[in-house]
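> Here's the letter readout for the chains.
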Amino acid sequence: MRRALAPALLLVAVSGCEGSILPAFVDGIIDHGAPTSPGPGPGTTPEPTGPAACAPSASPLPTLTRLSTHEYRAMVADVLGVAVDPALFSRWTPVAAVHGFDTMSSARIDAQGFEEQFATADALATLVLSTPALTAHCPAPRPAQTPACALKAGYASTDDFSDAQDRDCWTYLDSGGARMAFDNMNARWRKEPDQGAYLWRTGAHPGSTVDAVRRWTAPVDGTVTLSGSFADADTGGGDGVLVTIRHAGATVFSRDLPNGGSSPFSATFAVARGDVVDFVVNRKTNASWDTTAFTASVALAPTARKQAWAWTGCVEPLVTRLASRAFRRPLRADEASEYQALFTTSVQGAATAGFAEPVDEALRAVLQAVFLSPNFVFKPELVPAGLEPGERSFGTASRLALFVRGSVPDDTLWALAQAGALEDEAVLRREVERLLTQDRARFTKGFAGQWLDFREAPAGALGASMQRESAAVFEAVLSEDLPAERLLRPGFTIVDAALGAHYGLGNTASTPMRVTSATRGGVLSQGSFLVKTGGGSEFRRPIHRGIWVLSRLLCRPLPSLDPATLEEIGNSFNTINRSLPLPEQMKLHRDSSNRCGGCHAHIDPIGLSLEQYDEAAQWRTTYPGGAPIVSDLELDGVRVRDPHELSQAIENTADFRACVASRVLTFALNRGLRSDEQCLAERLARPLDGSTPGLQTLTVQALLKALPLTEVRP
Amino acid sequence: MTTSRRTVLSWLGVQLALPLLPSVAHASGQARKRFIGAYFPNGAHMPGGIDGSWTWADALQPLEQRGHRNNTLIVRKLFNGFPGHDPHWQNCAGFLSCEPMVLGDSSVARIGKTMDQVLADAQPMPIRSLEVGGIYYHVHQLNDHPGYSNDYLNRISWQTPDKFRSPIPNPAQLFEKLFGGQEGSAQQIAWLHARKRSVLDQLHKDATRLSNRLGAEYRPTLSSYLDTVREVELGLNRGGFSCTPTLAKPTQDFSNPDVNYVLRFQLMHQLVVLAMQCGLTNVATLMYGPGVSDHLHFPEVLGSGSGHHACAHHGGSQASITRLKAMNRVQVGLLADLLDKLKAANLLNETLVLYGSDMSDGNVHLPENLPMLVCGAGSDLKFGQELVPAARRPLSDLHVELFGLLGQSSVTSFGSGACRSTGQPLGLRV
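Sequences listed follow chains H and U, in order.
All the letters of the first sequence, read from the start, carry residue numbers 3 to 716 under the numbering used here.
All the letters of the second sequence, read from the start, carry residue numbers 496 to 925 under the numbering used here.
Incorrect hints may have been included.
Simulated coverage check for chain H against chain U, where a stretch passes if three residues somewhere in it have a Cβ under 8 Å from a Cβ of chain U [as the list claims (entries may be wrong)]:
# : stretch
1 : 160-168
2 : 362-374
3 : 386-396
4 : 444-452
In silico DMTMM-like pairs for lysine to aspartate or glutamate, Cα to Cα no more than 25 Å straight-line [stated by the list, open to error]:
# : chain 1 : residue 1 : chain 2 : residue 2
5 : U       : Lys744    : H       : Asp124
6 : U       : Lys744    : U       : Glu678
7 : U       : Lys691    : H       : Glu340
8 : H       : Lys154    : H       : Glu359
Since the hints were derived computationally from the structure, they do not count as laboratory data.
Ideal Cβ placement from N, Cα and C applies to all residues, glycine included.
Please put together the full structure from these sequences, using the hints given.
Here it is in C-alpha cells:
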C-alpha cells in the first residue's frame with residue numbers, strides 16, 4: 003500500500019485533522035503550547051505578492067514573562083563572573099514550554115517553589131561573599147586573629163573560677179605581678195608566702211603588703227562591656243578597701259569603699275588582643291576586716307573583620323554593579339536608596355543580635371533581595387512601560403543578549419548601551435554577528451537545544467555523546483552559514499569514538515571529530531532525536547517520531563483532541579492484537595475509526611519510514627524477529643523507503659525552511675507569531691531576491707527584524 | 496495519656512514542650528478534626544480491576560500485622576476520572592476533588608479545589624495545610640497528551656484552580672518549615688526571621704512599583720507574585736507556639752528520590768504527626784510518588800529492578816507481577832507506619848486518613864474499583880470491615896461522607912460531571 007503525501011494533500015488532510023481548530027501539541031516529545039492567535043500554517047500562507055502582504059496586524063500586548071531556570075542560571079554566572087553549581091537549581095520547579103520554548107512562561111511560583119528560590123538566592127549570596135574578586139575594591143578585611151585564650155561571647159568571674167591559671171582568660175595575681183598558687187584545702191588562690199592575699203570564687207582579700215589582682219585578658223580585638231560589683235563584706239571593723247579596675251594600666255574605675263561600703267560598676271571600652279583588665283583590691287592602711295565580695299561579667303564583641311566595609315565606597319559599588327547587570331538596566335535611584343536602607347538597618351540589627359560579621363549578614367539581605375527581585379526574574383523590557391525612556395538602549399541590549407546568549411549583555415554590549423550606540427543599525431548588526439560567533443554554543447543550546455530537543459541529553463551511556471553530536475552539527479551548519487536544509491543532510495557528522503562505533507562509523511579519536519557520512523549527521527539520524535522518541539512501546543515509537551517530524555520540522559502541530567477522541571485513543575490501545583507485525587497493528591489502529599485515522603494517516607507513515615533506526619539509534623534492516631521493515635510513504639510524489647529519503651523529501655517541501663524561520667523568529671520575539679509575522683518568517687526563509695539564506699544569515703535577519711518588533715514604548 | 500505521648504517522643508528522639516492538648520477518647524459520632532489525604536500512583540496489583548492483592552491476605556498484610564486491621568475500612572467499587580482524560584494525570588490531580596483537568600494550555604495547569612483545601616479553609620490553623628512528597632518534580636519524558644501539564648502529575652493539593660501547593664520532598668526542609676532549625680542564639684534566630692521579612696518587604700516594594708509602572712493587563716501576573724511573597728511572609732509570622740524539638744534536623748541525603756525512600760517517609764510521617772500534635776496544622780497530604788512515575792520501587796528493600804510504573808504495566812509478566820505485589824506490601828507498610836505514629840501520639844481517634852490511588856489495574860489504566868482505604872479509630876465507623884456498594888460509585892461520594900465526619904456536613908455535593916457525588920451515603924457509619 004502506498005500513501006500519497008504530497009504537501010498540498012498533506013496540508014488538506016492535516017487541516018481535516020484540525021477538527022478542533024487549535025494546533026496545541028505539547029510537552030516532552032511533542033511540540034509547543036497553543037499560540038493564542040494561530041496564523042495559518044506556513045503552507046497556507048498565500049504566496050506574498052509584495053511587501054504589502056507583510057503589513058502589520060493588530061498587535062495584542064505581549065505577556066510579562068519570567069526567566070527560565072536556564073536563563074536565571076546563566077545570568078547569575080555572568081553577573082558574578084564565576085561558575086555557579088547547577089545543583090543549586092535542582093529543586094526548582096521546571097518552567098513549562100510555551101510556543102515550544104521555556105523562555106516565554108508567566109506561570110506562577112507557589113510558596114514552596116519560592117522557598118526553594120530563596121534558598122538558592124541565599125547560596126548565591128554566600129558565593130558572592132566567598133569571591134574576593136567581587137569585593138577587591140573594599141578595605142582588606144582585618145586578618146583573622148588566633149585567640150590569646152579561650153574565645154567566648156561572655157565571661158563571668160564566678161562561673162569561670164577554677165584551679166587553673168589562664169583558664170577562660172582569667173589569671174590570679176598579686177600586685178607585684180607574681181602568680182598566686184591554688185590552695186586546694188580552702189579552694190582559693192593564695193599569695194606565697196602567705197601574707198593574707200587571696201582570691202576565691204566570689205571574692206578577694208588584700209594582703210598586708212600586696213593587692214589581690216584578678217586579671218582578664220582579651221583573647222581578640224573587640225569591645226568589652228564590664229558589669230559587676232565590689233563590696234566590703236566584713237563589716238566588723240577596719241577602714242574599708244580601695245577597689246580599682248585598670249585596662250592596660252589606665253584606670254577605668256576606682257572607688258574608696260568605707261567599712262561595709264559597696265559599689266556596682268559598668269564600663270564599655272575597646273580592647274586589643276592581649277590587653278589585660280585588672281580587678282584590684284587594695285587594703286588602704288591595713289588589711290584587717292578586708293574580705294571583699296566581688297563579681298564581674300565581661301561581655302566581648304570581637305571586632306568584625308569587615309568592620310570598615312561601609313555602604314559608600316564598598317557595598318554601594320558592589321550592589322549597584324550586580325543589581326544593574328541582573329536587572330539589565332542601570333539601578334534606579336529609589337531602588338539604590340532602599341538597598342542602602344536595608345543594608346544600614348541590617349548591619350545594626352545583626353550587630354545587636356550578636357553576629358560576628360554584621361556586614362556579611364546585611365549584605366546577604368541585600369543580595370537576596372536582588373536575586374529574587376521581580377526586576378530580575380521577570381522580563382519587563384519586553385512589555386510596554388517596562389523601562390524608563392532613558393533606558394531604551396539597555397532594553398535593546400537585553401533583548402539581543404536574551405536571544406543569543408540566554409543571559410545578560412556582556413561587557414562590550416553593556417558599554418555600547420551605556421553610550422547609546424545601539425540606535426545605530428550598523429553597530430547593532432555588528433553586535434548581533436559578534437555575539438552569534440562568540441556565544442554560538444549558548445545560542446545552539448538555548449534555541450536549537452529546545453527546538454530539536456537535545457538540550458537535555460537522552461538517557462543511556464551514550465546520551466552525552468549524542469547531545470554533543472546534535473549541538474556540534476548545528477553549530478557547524480550555523481558557523482559555515484549553510485542553508486538550513488543542511489541540518490537534514492549535512493554530509494558529515496561530528497562524533498566521538500564511542501558514538502562513532504555505535505553508529506558503525508570508522509572514527510577512532512576519543513574527542514569528537516568530523517566524519518564524512520552520507521547517512522549520519524542529519525537531524526533524523528541523530529541519537530538525541532531517535533533515542534528520545536524511541537522509548538515506550540514499539541507501537542508508540544513511530545507515532546512519537548511521526549508527530550515530532552510534523553511538529554518540529556514542518557511546523558504542523560497536531561490539534562488538541564476532544565474528549566471523545568481521547569477516549570477512543572484510550573480504548574484503541576487495549577484492543578489491538580500486539581502479536582501482529584507492527585505496520586499491521588498501526589493500520590488496525592488507523593482503521594479503528596475516522597477520528598484516529600484522520601491524523602494517524604499522516605503521522606504513522608513518517609514514523610514507520612524511520613524504523614530502520616531502532617530505539618537506540620542503531621541501523622537495522624529487519625525487526626528483531628526477522629520481519630522486514632517496510633516504508634509505505636510517498637512525499638511529493640517521491641517514494642520514501644528509508645530515513646535518508648525522508649530527510650530528502652522533507653528538505654524538498656516548501657515548509658521546512660519556513661518552519662526553521664518561524665521557529666527562529668518566535669524565539670527572537672519571545673512570543674507566538676502574529677499573522678503578519680508568519681508572513682515575515684516566510685520572507686526570511688525565501689527572500690524576494692530568490693537567494694537561499696544560510697542559517698547564520700537567516701538568524702541574523704530574524705533577530706534584526708525582531709528587535710524593532712519587540713521595542714516597547716516606555 | 497501524657498505519659499504515653501512522652502514515651503513516643505523519646506522513641507522519636509524528641510523532647511517537646513508539649514502544649515496541653517485535650518486527649519479525650521473519641522466519643523461515638525463526634526466530629527473528627529484532622530485529615531490526611533495519602534496518594535500512591537499507578538494502582539496496585541488488581542488484575543482487570545478485580546481486588547487482586549488488595550486484600551488482608553496480601554497487600555494489606557502489614558496493616559494486619561501491626562494491629563491496624565481495626566483501624567482500616569476498605570471501600571470498594573469507587574471510580575474516579577473522566578472519559579478521555581488519562582487517569583495517570585487526571586486522577587492524581589483530581590484524587591481529592593473528582594474535578595476535571597482544564598486542558599489546552601500546557602504551561603498552566605488548572606483543576607478544581609481539593610478536599611484538603613476546603614477543610615483547611617474551614618479551620619484556620621497556624622499552618623493551613625502541609626504537603627509532603629518524595630521528589631521535587633517529575634517530568635514525564637514521553638508526555639504525548641495534548642495540553643497535559645506535568646503539574647498534574649506532581650500535585651494533589653489545589654487551593655484554587657490555578658494555585659497548586661507543591662509538596663515538600665525532603666524531611667530536613669519539612670523540619671525547617673515546622674521548627675526553624677537555623678543555628679544560633681534565640682536573638683540571632685529572631686533576627687534572621689526579621690531579615691527575611693525585610694527582604695520580602697523589599698520584593699513587595701519592587702513588585703508593587705513594577706505593577707504601578709505597567710498597565711492593568713500585567714496586574715494579575717504581579718499580584719500572583721505578591722500573593723506568593725505574602726504567603727511566605729505569613730509562614731514567618733506564625734509565632735507563638737511552644738513546640739521546640741531538640742531533635743536535630745534530619746541529615747541524611749534525600750536528593751535522590753530512589754534512595755532512602757522508606758526512611759524519608761518514616762521521617763515525614765514523624766514530622767507530620769508532630770505538626771498536628773503541636774497544633775500547627777490539622778490537614779496534610781502525602782504524595783508517595785508523582786503520577787506515572789517509576790519511583791516507589793524501594794530498591795533498598797526489594798533490590799534493584801523495574802520501577803513502579805513499569806511493573807504496573809506488567810503485561811502478564813509473572814516477574815513484574817511478583818515485584819509489583821512486593822512493592823504494594825512495602826507501600827502499605829508505610830501506611831501502617833503512619834498509623835503507628837498517629838496512634839502513639841493519641842491522634843488516631845481524631846484523624847481520618849484517606850489512602851488510595853489513581854487507578855486500580857495499572858496494566859490497563861482502569862480507574863474503576865480503586866484501591867481505597869479509610870483509616871482512623873472509633874467504634875462509630877465500620878473499621879475492620881469491607882464496604883461494598885451495590886453498584887459503582889464516584890469517589891466523590893466518599894469525599895462527601897468524609898466531609899460529614901470531619902464536621903463539614905454542609906458539603907453535600909462534590910466533584911463534577913460524571914464524577915459528581917450522587918447524594919447517597921456510602922454508609923461508613925456503623
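> Within the assertion that chain U covers the stretch 362-374 of chain H, do at least three residues meet a Cβ-to-Cβ distance smaller than 8 Å?
Result for this restraint: holds, n = 6.
> Within a Cα-Cα threshold of 25 Å, do Lys744/U and Asp124/H meet the stated pairing?
Since the Cα atoms of Lys744/U and Asp124/H sit roughly 19 Å apart, the hinted pair holds (cutoff 25 Å).
> Checking one constraint from the list: CA of Lys154/H to CA of Glu359/H, max 25 Å. Satisfied?
Holds, at roughly 15 Å.
> Between the stretch 160-168 of chain H and chain U, see if three or more residues pass the 8 Å beta-carbon test, and mark the coverage as holds or violated.
The restraint on the stretch 160-168 of chain H is violated, since only 0 of its residues have a Cβ under 8 Å from chain U and three are required.
> Count the residues of the stretch 386-396 of chain H with a beta-carbon closer than 8 Å to any beta-carbon of chain U: does the count reach three?
holds (count 3)
> Residue count check for the stretch 444-452 of chain H against chain U: does it reach three with CB-CB under 8 Å?
violated (count 0)
> Is Lys744/U within 25 Å of Glu678/U, Cα to Cα?
Answer holds: Lys744/U to Glu678/U is near 11 Å, not above 25 Å.
> So if I understand the rule, the pair passes when the alpha-carbon distance is 25 Å or less; does Lys691/U with Glu340/H pass?
Holds, at about 15 Å.
Against the hints set out earlier in the document, violations occur for numbers 1 and 4.
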